[in-house]
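A.B. asks: Using the sequences and the accompanying hints, generate a full structural model.
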Amino acid sequence: MESLFFFLASLTLLCALMVVISKNPVHSVLFLIITFFTISGHYVLLNAQFLAVVNIIVYAGAIMVLFLFVIMFLNVKKTGGDNAMKASTISKFAGAIAGGLLFIVLISALKDVTVAGYNPDTYDSQVGMVENLGYVLYTDYLLPFELTSVLFLVAMVGAVMIGKREVGESHF
Amino acid sequence: MESVDLLYKAIYILVIFGITLLIATYSTYFERKIAAFIQDRVGPNRAGPAGLLQPLADAGKLFFKEDFIPAKANKALFILGPGVAMLVATMSSAVIPFGDMLIVGGREVYLQAIEVNIGVLYIFGVVSLGVYGLMIGGWASNNKFSLLGAIRAASQNISYELAMGLSLIAVLMLTGSLSLREIAAQQAGFNWNIWYQPLGFLIFLVCAFAETNRTPFDLPESEAELIGGYHTEYGSMKLGMYLFAEYINIFVVSAVMSTLYFGAYNFPFMENLRQAISDPVLANNVVTIVGVVAMFIKIFLFIFFFMWVRWTLPRFRYDQLMKLGWNILFPLAILNILLTAGGILLKDYFF
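Those sequence lines, one after another, are chains Y and D. Under my numbering, the first residue of the first sequence is numbered 66, with each subsequent residue one higher. Under my numbering, the first residue of the second sequence is numbered 66, with each subsequent residue one higher.
Heads up, some of the hints might be wrong.
In the PhoX-like style, the derived pairs of lysine-lysine whose C-alpha atoms are separated by at most 25 Å in a straight line are [to be verified]:
hint: 1; chain 1: Y; residue 1: K88; chain 2: D; residue 2: K126
hint: 2; chain 1: Y; residue 1: K229; chain 2: D; residue 2: K388
hint: 3; chain 1: Y; residue 1: K88; chain 2: Y; residue 2: K157
hint: 4; chain 1: D; residue 1: K209; chain 2: Y; residue 2: K88
hint: 5; chain 1: D; residue 1: K74; chain 2: D; residue 2: K137
hint: 6; chain 1: D; residue 1: K209; chain 2: D; residue 2: K140
hint: 7; chain 1: D; residue 1: K130; chain 2: D; residue 2: K140
hint: 8; chain 1: D; residue 1: K137; chain 2: Y; residue 2: K88
hint: 9; chain 1: D; residue 1: K140; chain 2: D; residue 2: K126
These are calculated hints, taken from the structure and not from any lab test.
C.D. replies: Rendered as structure tokens:
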């Protein structure tokens, strides 16, 4: 089990790195999909099968397809080609500073965290099962759950509004 | 898990894999035979008796064709595309219960490769991955028409997945379980889900046609009007794998429909048969084996239905396809969920 975790973790990190390193954006997207799969593998190791499958359905199955859609249509050439994206020095600096700040935030947030060790008495192996998840979502976390669904509804209405073709002259 | 169980699982998985490939192979033969019957022709009759060796001849032809890769294609992804399509197609039959439980030497042997408590979602997730094979292949060909074909296929699959998922939700509300074994067990005898979910089944059936890219929704590869589609640049066995994956998908979708709506391995008068045999172990085994036969008969009927529709109905226009998916099936599926919920509440209230 331990070695499986280390294998999965190193695979996840490798694929996540390849997302950033790849010259070809389509390769990046494909590596991101593999990353989602390895993360689902982690969920399975934690006995949260429902989360694992939903992660694949939602991220790998739906969102990444749309990503791939857009990137395939844009057909961004590899850097170094004739119409390569040239990043100016200022934007490189800005990116480095923003990334460094994010790194500091992560470090400060995780600095004092202690790993809650494994306690065989209180540990419930069934906690990630779909019944328990549904029970918790609809009792303890009912309000956040419903608020999230309202948020999704608003986003959907917004998408329909933007996508709708208006009659007459267009103003934007 | 004991090593005996593990060995049994390995054998069972191999058997299911073999059966899947065999059925997909002979689907190509029966497709041509049924097409010939419907169009009043003879069909393949040269290779072997009644043309029975035709699939082997086709496979031999595809294997020995020149394996061509376009010069400007993305080579790795070009090869990966058909592989992904094939892998995803063969993955989904893992959770389907092809039969109940056999008792062999006092050991209970379930005729299901893996039992997970999220079986339905597993199938749904794997089906939603099927689109990657097409998209990767279409894009890697470095051909505008292939790319357009891939986009066509992907948008069709995404659109119909939604209605498919919503029609599944009604079944899940009825059964209260995501496990396919549990769903199959609840439909014992003639208590099939189709009696409670006729509308949901219809939606699922239409979506299944669209997901497997079959006529009347075979826009991704409408060879007569638009050029090939995502596999324009493919030849040899790579093309063969794409076409083969389609037949595997038909088999899997037929199995899923039989499991979800037509009672899986259950058949009418099952309990009568069980009681007619005095020895309980023998009775269980006989019922299970008849159940497996019933399951495969249902699957074959669905496969036949797929072919029958292909040679009967003409193709949709693309805007009609999208309209059907979003404006008709999607609201119908939501209506079906509401009706099911209302039905469940009314049943609790009155009975």
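A.B. asks: Compare the structure with each hint and give your call.
C.D. replies: Going down the list of hints, with the structure as the test:
1. Our distance criterion of 25 Å between C-alpha atoms is broken by K88 (chain Y) and K126 (chain D), whose separation comes to about 38 Å.
2. At most 25 Å may separate the alpha-carbon atoms for a hinted pair to count; K229 (chain Y) and K388 (chain D) meet this at roughly 15 Å.
3. Proposed proximity of K88 (chain Y) and K157 (chain Y) is supported: the alpha carbons are some 17 Å apart, at most 25 Å.
4. Between K209 (chain D) and K88 (chain Y), the direct Cα distance comes to roughly 21 Å. Compliance with the 25 Å bound is thereby established for this hinted pair.
5. Only pairs whose Cα atoms come within 25 Å are accepted, and K74 (chain D) paired with K137 (chain D) is rejected, the gap being roughly 44 Å.
6. Restraint check for K209 (chain D) and K140 (chain D): satisfied, since their Cα atoms lie roughly 16 Å apart, inside the 25 Å limit.
7. Straight-line distance between C-alpha atoms of K130 (chain D) and K140 (chain D) comes to about 18 Å, which keeps the hinted pair within the 25 Å bound.
8. The hinted pair formed by K137 (chain D) and K88 (chain Y) meets the criterion: a straight-line CA distance of about 17 Å does not exceed 25 Å.
9. Using a Cα cut-off of 25 Å, the hinted pair K140 (chain D) and K126 (chain D) holds, with the two alpha carbons roughly 23 Å apart.
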